[in-house]
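**Student:** The primary structure of each chain is shown beneath.
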Amino acid sequence: MPSALRFARVCRRFGRLAVLGGVSGSVAAGEALLVTGRNGSGKSTLLRCLAGLLAPDSGEIELREGEDAAPLDAAGRRRRIGLVAPDLAFYGELTAAENLAFFCRLRGFGRERGDELLRRVELPPDRLAAALSSGMRQRLRWAWALLHRPRLLLLDEPFQNLDAAGVAIAHRLLAEHLAPGPGAPPGLAVIANPVPLDIGETGSVAARLDLGA
Amino acid sequence: MSRPASTWAREAAAVFAKEWRSELRTRYALNTLALFAINTLVVVSASLGPLGAAPGRATETLPVLLWLILLFAAAAGLPRAFVHEEETQTATALRLAATPSALFCGKLAYSASVLAALEALVAPLFLAVMNLDVPRPGLLVATLAAGGFGLAAGSTLVAAIIAQARGQGTLFAVLSFPVLLPLLLLAVELTRAAFAGGVPGGPEGPVSQGGAGVAMVQLLLYDGAVTTAGLMLFPVVWNP
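Protein sequence lines, in the order shown, are assigned to chains A and B.
Oh and the first sequence: position 66 is 66 in the working numbering, straight run, nothing missing.
Oh and the second sequence: position 171 is 171 in the working numbering, straight run, nothing missing.
Careful, some of the hints might be misleading.
[What the hints assert, rightly or not] Ranges between beta-carbon positions, derived for each pair:
#1 Arg13/A - Ser47/B: 29 to 37 Å
#2 Asn39/B - Arg38/A: 52 to 60 Å
#3 Arg13/A - Gly224/B: 26 to 34 Å
#4 Leu181/B - Ala165/A: 52 to 60 Å
#5 Gly92/A - Leu231/B: 25 to 33 Å
#6 Glu86/B - Ala165/A: 32 to 40 Å
#7 Ala165/B - Asn39/A: 43 to 51 Å
#8 Asn31/B - Gly110/A: 28 to 36 Å
#9 Leu221/B - Asp87/A: 35 to 43 Å
#10 Glu62/A - Ala13/B: 30 to 38 Å
#11 Ser24/A - Leu231/B: 32 to 40 Å
#12 Glu176/A - Thr170/B: 23 to 31 Å
The set of hints was computed from the structure by calculation and includes no laboratory data.
Note that CB positions come from ideal geometry on N, CA and C, so glycine has one too.
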């Protein structure tokens with residue numbers, strides 16, 4: 001059963017500052033929505049609202065895991081999404097593998113899933129997270145986001161700090177998420193970036209939402 | 001969102017194990033608590049010690065000092081339980097991956113185990129430097145266990161509440177005072193009973209009204225109430 005995300009008239013203020021003023025959009029399974037806009041236009045805030053990390057002041061957010069399924073509440077969304085974001089950090093005193101093993105245990109997977117994803121993003125498992133370069137940390141975020149095979153990927157500046165090889169890996173992971181092949185349900189993604197983005201051969205950006213220039 | 005008990009327990013155990021793994025790498029809480037406790041103990045023993053404390057007053061005053069040492073040592077290290085997650089931006093990943101009540105219990109179990117380790121270090125040293133005999137060692141151990149757990153539960157609850165606020169140090173002191181005061185009064189009275197071998201305290205003291213058993217029940221009820229409050233409040237303060 002295909003998943004779908006729909007949000008309508010989402011508003012969010014921080015004190016007197018209105019960051020989101022009634023944003024609407026939708027994404028179907030196998031598709032990506034590209035959200036662009038200048039710095040401070042509310043892209044990250046929108047993604048945090050969609051993730052269930054911020055409560056919108058008004059508006060509706062519905063993530064359904066099937067056409068006839070009831071929409072998930074914020075707690076349900078938090079568990080079903082994968083997030084890549086600049087402010088997502090890991091335990092510096094633990095290695096990359098230990099970080100993923102901890103979250104595997106929280107999510108109910110064996111640590112093999114984390115090891116597999118570390119190989120996919122080509123990260124050394126035994127390096128402390130504090131000793132990873134910014135590009136390596138971004139690769140770790142990608143691995144972390146995909147750990148539990150989420151239906152919805154929320155990607156905030158997902159190619160930031162990645163080198164050419166890292167960008168190619170990220171493109172591949174995104175393509176596999178959106179079209180995983182026979183037997184697995186297609187995922188969906190919302191990608192936020194300040195400028196229009198080339199997502200390589202993924203070719204599945206179904207819609208674009210400009211939050212303002 | 002309800003979770004099966006085995007899943008919940010697995011998450012709490014994962015948080016507990018992660019906390020200890022991180023702690024053994026950084027030694028932040030252990031070093032802070034032990035350093036603070038031993039420094040305070042040395043100051044107390046040098047100024048009041050076996051030569052300075054009158055035998056008749058030792059069982060009245062020394063329990064207060066023991067619990068003050070434990071309180072301030074805990075206050076120096078335990079508020080970081082959640083503040084550190086916010087400061088290092090690891091809270092976002094935790095919010096997305098962990099069931100809040102399981103996270104709270106994992107953190108509480110870690111804080112309680114750190115305090116138990118601290119008590120295992122400080123209490124024998126305290127008895128030695130103060131040259132105290134303990135006629136009721138079982139009561140002392142039970143008081144330290146129940147009191148230490150209550151101290152950890154109260155500190156973890158307050159730490160969770162202040163984690164996303166500004167002025168966390170001040171807030172911790174202000175909020176923890178009313179939360180921890182009943183615990184400290186009961187723990188001090190029970191420790192006096194353990195040191196004195198009987199049921200001490202003035203006519204208004206909680207121990208004198210119903211004996212050490214009643215005070216212990218009150219202490220255990222306190223532990224249960226604070227833990228329950230934490231389990232109910234934490235999901236609200238942790239998530240938007």
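**Student:** Does each hint fit the structure? Answer for all of them.
**Tutor:** Okay, the hints, checked on the actual structure:
1. Evaluation of the 29 to 37 Å hint for Arg13/A and Ser47/B yields a failure: the beta carbon distance comes to about 56 Å.
2. For Asn39/B paired with Arg38/A, a C-beta distance near 53 Å keeps the hint of 52 to 60 Å intact.
3. For Arg13/A and Gly224/B, the hinted distance range of 26 to 34 Å is not satisfied, since their beta carbons lie about 40 Å from each other.
4. Here the CB-CB span from Leu181/B to Ala165/A is close to 59 Å, well matched to the stated 52 to 60 Å.
5. Range check, Gly92/A to Leu231/B: Cβ separation about 29 Å, and the 25 to 33 Å hint holds.
6. For Glu86/B and Ala165/A, the Cβ-Cβ distance of about 33 Å falls inside the hinted range of 32 to 40 Å, so the restraint holds.
7. Checking the proposed 43 to 51 Å range against Ala165/B and Asn39/A shows it is violated: the Cβ atoms sit about 27 Å from each other.
8. The hint said 28 to 36 Å for the Cβ distance between Asn31/B and Gly110/A, and at roughly 34 Å that hint holds.
9. Taking the beta carbon of each, Leu221/B and Asp87/A are about 41 Å apart, inside 35 to 43 Å as hinted.
10. Distance hint for Glu62/A and Ala13/B: a CB-CB separation of about 34 Å, consistent with the stated range 30 to 38 Å.
11. Separation of Ser24/A from Leu231/B is about 37 Å and conforms to the stated range, judged on CB atoms against 32 to 40 Å.
12. About 50 Å separates the C-beta atoms of Glu176/A and Thr170/B, a value inconsistent with the hinted range of 23 to 31 Å.
Hints 1, 3, 7 and 12, counting from the list given before, are not met by this structure.
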